[in-house]
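The hints should help you fit chain B onto chain A, whose structure is shown.
Going line by line, the protein sequences match chains A and B. For the first sequence, counting from 1, position 234 maps to 233 in numbering that gives the first Met the number 0; every step adds exactly one. For the second sequence, counting from 1, position 63 maps to 62 in numbering that gives the first Met the number 0; every step adds exactly one.
The set of hints was computed from the structure by calculation and includes no laboratory data. Treat the hints with care, since some could be wrong.
Said to hold, decoys possible - Only pairs whose alpha carbons sit at most 27 Å apart, straight line, appear in this in silico DSS-like list of lysine-lysine: (1) A:Lys178 x B:Lys302; (2) A:Lys178 x B:Lys337; (3) B:Lys367 x A:Lys125; (4) B:Lys71 x A:Lys178; (5) B:Lys117 x B:Lys71; (6) A:Lys126 x B:Lys259; (7) B:Lys367 x A:Lys49; (8) A:Lys126 x A:Lys234.
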Amino acid sequence: MSAEMEKAALQKPAIQTHRIFQRFTTGQRWEHLLLLISFSVLLLTGLPQKYRTSTWSQQILSTPERVDLIQTIHHVAAVVLIIEVIYHLGLAIYLMAKRKLPGDIFITWQDIKDAGMMVAYLLFLKKEKPVFGKYTFEEKLTYWFLFFGVGIMVVSGVILWFPELITRVLPGGVIPAAKLAHSTEAIVAGIFIVLWHFYHVHLQRLNLSIFSGTISEDDLKTYHTLEYEQLTGEKIMTSENKQS
Amino acid sequence: MVSKQPRPHSLFLIAGFILAVAAGFMITGGAAAGTPQQQSTEEYCLSCHNDPELQMTLPSGEILPLYVSPEKLSESIHSPLGIECQACHTEIDTYPHPENTYQTRRDLSRSYYLSCKKCHSTIYEKAQDSMHAQVASEHPEAPVCTDCHGSHYVQTPDEPRAQISTTCSKCHSDVYADYKNSIHGSALIDEDNPDVPVCTDCHGVHNIQDPRTAQFHIDTPEMCANCHADKELMDKYGLPSNVYNLYELSWHGVDVSVYKARWPTIWHESAVCTDCHGTHNIFDSESPESMVHPDNLLETCQKCHPGVSANWTDSWTGHNEISYERTPWLYYIDIFYKTFTPVMLWIAGIYVFLQILRATIERVRRSKQ
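Bound conformation, chain A alone (with noise of 0.2 Å):
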């Protein structure tokens, strides 16, 4: 610490005030929670499926009926998913033609100096670790990488949902392909989740945001740097970090 911020600190009054800062719209938090639901049933109801010649799967679908009721509920919430999805694209294009929403979460240059500076503090080549601004390199990963993967679960459910419709425009290939990108790409975004997701939110640190839509002056100020000066106008980087 410096001298300048020991002074500053001991100046601090008796009551201390902690503001809270909004970090996402309320529209935001329901479509993750949809999202998060539709998800989860969608990877239940269809993993049983995927491995129907297993034991497990069996105990679960043990009789036709069973089945047909798990591929109803998959079904049903492959329609929440993809109007969640019609809802998202269709407002994000919506606001940001209007200049209402900025494009904080699209990947830029910055976000793989970022990447390169993290993996330089991880392997101790750096004291210091990047600072960020709305979105971390890693929160931009997780939406894109949810974001593909869940483009290439919505086309490739619905070919194998309407494979003898689809047929009459694309070509037949499409069938069987479709079927291996949908069996695995579901795996792929569950490990993904799981293994990513999860780390940065609930171990890292837990990380509530998306649920209360607020984030708190110490958060901000520590895990979105940039973000709290350009709200507040306060300058609170080091030398150090402003050189990298």
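For chain B alone, kept in the frame of chain A given last:
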């Protein structure tokens, strides 16, 4: 009613002759065969039944031929083994015979075949479980032992092998007509091929079951796999031996294997081998007669998928490994998931691991300060 009755005045003469012959055999031939009485019956019976014109009329009006060819009998399986007339015709031990009680020739067959049970009890029991035995009460024409094996002139039933399909064709002529032109049937009949299946290889021998049941349908892939998953056998004919394994991974195959494991008695439409390749009318897939020939494939698919477009047939990958030539879409998706995605996941995994490592070391350091 016996149409040819020995005249009264010659009756003594015949009886005397027979007695003399019988007595002679008791003494001479008996030592060789060990069962003197049986050895003698054939001789005794044939003394009348070697007459090609010997016959009687049954109450139903049917003519029952009573001729037994001594030559053919001597070439049959049973007679040289010393199993002679009375072994089966137990109720007849001399002449005059007891009065006929059979109304029809079928009555007679259905009664006499029970004699087979005396020696062949295991096979008899198996046959009692068969489709043929089950329908016998409603359909007396359903075959009994002697209908397939013959009665007096029993021979080894599978020499030559084509004999088996000929035997079944006596009743199942329509099926035989399909079979004899098929790739299996023509190889059997024209070349006496020892590897192709005959009727009994798929349907069983004595305990033949109804092939229209859900159970039979669901068991079909495994049945075909008996030969078509046999690498040595398939190599002999230049055929792929992985068709069954690849089928098991296919949409139809997974479905069928689940039904087989869980609900074998519930009918399920998912296609098995015979639904696409045909049952008795199986041809080389490159033959224009084959149901899976490119010209006929769409029609074959449409049996279960009515109204699908011509593109549909390409959605079936065949029993082929993923390849660029046959299934380009599948090929690229497969490459994507074998290279790009695992690399992505590994990078993510290593990154998270490094994060955990760094955070732990940082925490330890801070606690020491």
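| field | Contradicted hints - numbers only | value | 4, 6 and 7
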